[in-house]
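Undergrad: Full structure from sequences and hints, please.
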Amino acid sequence: MRRALPSASALMTIGAAAALLVLVALPVAFILLQAVFPEFARGSLAGAFSRLPMIVEDPRLLTQTRNTLVLAFSVMLGCLVFGLPIGVLRGLFDIPGARLWDVVFLIPFLIPPFIAAIAWMMTLQPRGYLFQIAGFDMGRQLFTFAGVAFVMTLNLFPLVYFAVSRSLEGVGGRFAAAARVSGAGPLRAFWLITLPLSIPGIAASLLIVFAMAIEEFGTPAALASRTGFEVLVTGIYNRLSDFPIDLNGAALGSVILMCLVLAAFFVQNWVATRRSYVAQTGKPANLDKAQLGLWTVPVLLLFTVVATVGVVIPLAAIVATSFMGTIAGGLSWDNFDTRHYQPIFRAGSRAAQALVTSGWLATVTAFVTAAIAAAVAVVVVRGEGRGRQAMDALSVLPNAIPAIVLAVGVILAWNSPFLPVTLYGTTAILLVAYAAILLPYPIRYAVARLRQIGGSLDDAARVAGASQPQVLGHVLLPLMAPSLIAAMMLVFAIASRELVASIMLAPAGVRTVGTFVFAQFEQGSVQTGMAMSTIAIAITSTILLAVNLWLDRRGGSAFSG
Amino acid sequence: MLRHLTLAATLAAGLLPAAALAQSITVYTAGPGDLADAIAEAFEAETGIRVNVFQGTTGQVMARLEAEEANPQADVVISASWGSAVDLHERGMLMEYVSPNAAMVPDFLKHSHYVAQGISALAMAWNTQSGTPRPADWSDLAGPEFRDLVTMPDPAQSGSAFDLIVGLEAARGEAAWELLAALHANQMIVPGPNAAALNPVLQGAKAAVFGAVDYIAYGRAEQGEPVEVIVPDSGTVIAPRPMMILASTANPDAAKAFIDFTLSDAGQALVAETFLMPARTDVEGRRPGIAELTVIEVDEAAASARRDEIIARFNTVMGR
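One line per chain: the protein sequences are A and B, in this order. Under my numbering, the first sequence is numbered contiguously, ending at residue 561. Under my numbering, the second sequence is numbered contiguously, ending at residue 320.
Since the hints were derived computationally from the structure, they do not count as laboratory data. Accuracy of the hints is not assured; some may be wrong.
What the hints assert, rightly or not - For the chain A half of the interface with chain B, some residues (derived, Cβ under 8 Å), not all of them:
(1) A29
(2) L33
(3) M122
(4) Q125
(5) A221
(6) G228
(7) G425
(8) Q523
No experiment lies behind these values; they were computed from the predicted model shown. No residue lacks a Cβ here, since even glycine has one placed at the ideal position from N, Cα and C.
TA: Now the structure itself:
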C-alpha cells in the first residue's frame with residue numbers, strides 16, 4: 001500500500017499535464033506555427049518569419065493594442081469600483097439574503113455580452129426604452145469609450161465580487177480578531193490584516209478581469225464600432241471573418257494578446273507569491289460573520305443600486321424586448337405579444353435542441369475543468385521542481401489567447417488529415433474547446449485558495465497515518481471545495497452561453513444557445529433572440545440557485561473549512 | 001420519459017461523426033437560417049437524406065472552409081456573396097455540376113460550377129414613423145432632414161454593402177464617393193453588418209438604412225415593423241447567392257440531389273417565402289423581381305481585385 005502512494009501522485013501529475021498539453025498547448029502550438037509560417041494552414045513552411053515584423057510595424061495593430069490596454073485597465077478600475085465594496089461586505093459581514101445576492105450577481109455571466117450590449121443600446125439610444133419612460137436618452141454617453149468600458153464593467157464586475165468575498169471568507173474573522181485583541185481598531189485590522197491576506201484572491205480576479213476585458217468580443221463589436229475604435233479582438237475577428245481570411249494576421253494579433261496577458265499574469269503571480277498568505281491552518285475558525293447592525297439598510301441599498309444597474313436594467317430590457325410584438329411598438333401594453341416565444345417552445349424545435357446541447361455541454365465542462373484544476377493546483381502549489389513551473393506556465397496559457405483564436409487552433413490541430421481518428425466534426429470538440437477556454441477560472445480560483453491553506457495540514461494528516469490520496473480527498477479537496485464550486489458555477493454560466501468557439505467549432509446540425517441567439521440577431525428576429533436569452537438565463541439561474549440552496553442546506557462547515 | 005429519450009437521441013446524434021450516418025450531407029450556408037432549416041426538412045422528407053446544416057454569415061462560412069481545408073467537412077456551400085464562389089472555383093475547390101432544374105435560371109446567375117439559390121437587392125429601408133419625408137433616391141439621405149438619422153452596413157463586414165459601393169461607383173464615378181462623403185458629413189453611422197444597421201431604424205433611433213439587404217427588411221415589415229423598402233429608380237445592385245458543391249465531397253449524388261431540390265418548384269417556393277427573389281424566372285417572388293429593378297452591372301472579378309483599395313477609401317471618407 002505504501003509503495004503505491006507515489007505512483008498515485010505521479011499519475012495525477014501526469015494526467016493533469018496531459019490534459020493541459022492536449023487541451024491548451026496543442027492549439028497554442030499550432031497558432032504559433034501559423035504566426036511564424038504564413039502558409040502553415042496549407043501545409044507549407046514557406047516564408048518563415050516573413051510577417052512577424054508586422055507586430056511592431058503595422059499602425060493598425062499598434063492602435064488596436066493601445067486601445068485594448070486602455071480599455072482593459074479602465075474595465076479593471078470599473079470592476080474594482082463596482083465589485084470590491086460589495087465583495088468586501090459580502091465576505092466580512094452577515095448580509096441578509098447573502099446566497100440570493102450571489103445568484104443575482106451571477107446573472108451578468110448568464111447574459112451573452114453582445115446581448116447585454118444590445119440591451120443597453122435599445123435602452124439608452126435615441127427613442128430607446130429610457131426615452132420612452134423618462135423622456136430623455138443617453139445615446140451620446142453610450143457610444144463613447146467610457147460607454148463601452150461601462151457596459152464591459154457591468155459584464156465583469158461579479159468576478160471581483162466573488163473572488164473578494166470568497167477570499168475574505170477564507171481569511172476568516174480569526175486574524176482580524178487576533179489583531180483586535182492586540183489593540184487594533186476594526187478599520188486598522190481590515191487594512192493591515194484582512195485585506196493584505198486576501199490579496200491573492202483579489203489579484204487573481206483582476207487578472208481574470210483584465211484577460212476577459214481584452215478577450216471580450218461582443219461588447220466592443222456591438223458598441224465600439226460606433227465610437228470608431230478597434231481593439232485587438234475585433235481586429236482578429238475581422239481578419240478571420242472578412243473575406244479573404246487572414247489566419248496569419250489573426251495569429252500575430254493573438255501573439256500580442258498572449259504577451260499582454262502573460263505580463264499581467266507575472267505581475268499577479270509576483271503579488272501572490274512574494275509573501276506567505278497562509279490563512280488556513282486548521283485551527284477552528286470563527287465562522288460567525290460580523291453583524292451590520294445600523295448599517296444594514298445603507299448596505300442593502302448599495303447592493304440594490306449595484307444590482308439595479310448591473311443586472312435589473314439589462315435583464316429588464318432583454319425580457320421586455322422578447323415580449324414586444326414589434327420593436328417600433330415600444331414599451332406599451334398594446335405591443336405585448338408572446339408570439340416570438342412560439343418557435344422556441346415548438347416540440348423538437350432547433351431552439352429546444354440548442355438548450356439541451358448547451359445544458360449538458362456546460363455541465364460536463366464544469367466537472368471536467370474542476371477536476372483538472374484541482375489536480376493542477378495541487379501540483380502547482382504543493383509540487384516541487386521543474387514539473388511545477390512547467391505546469392504553472394501551462395495553466396495560464398488558455399488565459400492568454402482569445403476564444404476565437406483558440407478555436408482556430410483547435411481546428412488546425414484536430415483537423416489534420418494525418419490523425420486516424422479525430423473529435424473534429426463531433427459535439428465532443430466543443431467540450432475540448434470549452435474546457436480549454438474556461439480552465440483558467442477554476443485553476444486560478446483553486447490555486448489562490450490552496451495558497452491560503454497551510455502545508456502543515458497535509459503534514460498533520462500524514463503524521464496521523466493518512467495516505468497521500470486520503471490527504472487529498474479528506475483534507476485538501478474539502479478545503480478547496482468552496483472555491484472550486486464557485487469556479488464551477490462560473491464555468492457553467494459562461495459555457496452555457498459560449499458563442500465564439502461554438503460558431504467556429506459546432507459541427508453542422510448542432511446548435512448551442514449562443515449560436516442560436518446570434519443567428520436570430522443576425523438573420524431572424526431580435527425578439528426571438530431575446531426570448532431565447534430570457535429562457536436560457538431563467539434556466540441557468542434556477543440551477544445555480546438550487547446549487548446554492550443545497551450548499552446552504554449542507555451547512556457552511558462542510559465547505560468553508 | 002420522452003424528455004430522456006430526446007436527450008439520449010440528441011446526445012447520440014451529436015456525438016456520432018456525420019459520416020457514420022448512412023445517408024447524410026453537410027451544408028454550410030449563409031442566412032437566412034429559417035430558409036436553411038426549411039429546405040433541409042423538406043429535402044429530408046422527400047429523399048430520406050439527412051441534412052446537417054451549419055448556418056452563419058458568409059464570413060463565418062468562408063472562415064470555416066479555409067480552416068478545414070486540410071480535412072473538408074462540407075458537401076454543399078451556400079454563400080451570400082457571388083465573389084466567394086468565383087474565388088473558391090479559382091482555387092479548384094468546386095465540383096462541376098449543372099442541375100437540370102437550372103434551365104429556367106438566367107445565364108448570368110449560373111456557371112458550370114455554381115448557381116444562384118436566390119437573389120437579394122440593396123435598398124433603402126425607411127422607418128415610416130420617423131417623421132422624415134419618404135426618400136426616393138440614395139442622395140436624399142444626405143439631405144438635412146436625415147441629419148444624424150442614417151445608418152449603413154459596414155462594407156468590410158457586409159459583402160452586399162461592398163457591392164453597393166462598387167455599383168454606385170460604376171454608375172456615377174467620382175460622384176459616388178462625393179455622395180458617401182456627403183452622407184458622412186450628414187452624420188451617417190456605420191455600425192456593423194446588416195442587422196446592426198437595420199435594428200436602430202426599427203426602434204426609431206435612426207430613420208433609414210443606406211444599403212439595406214432588402215429581404216431582411218421585407219421580413220421585418222411583414223412582422224409589423226413600420227419599415228418600407230425603397231429601391232431608387234437611379235439603380236441598385238443585386239446580390240445573387242451562389243450554391244456550390246465542394247470537389248472534396250464524399251456524397252456527390254446526395255449533394256447534387258440537394259441542389260436539384262433547392263432549384264425545384266418546392267425549393268424555390270421556400271426561397272420566395274423568405275422574400276428573396278427566386279433564382280428561377282418562372283417562380284413568382286413575394287416582392288418586386290429583377291425585371292422591376294434598375295440593376296447596375298458589377299464586374300465581380302474586378303471589384304474583388306480592388307477590394308482592399310475600396311475599403312480603405314471608404315474608411316478614409318468615413319473618417320475612420
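Undergrad: Hints numbered earlier in the text: which of these fail when held up against the supplied structure?
TA: 1 and 2
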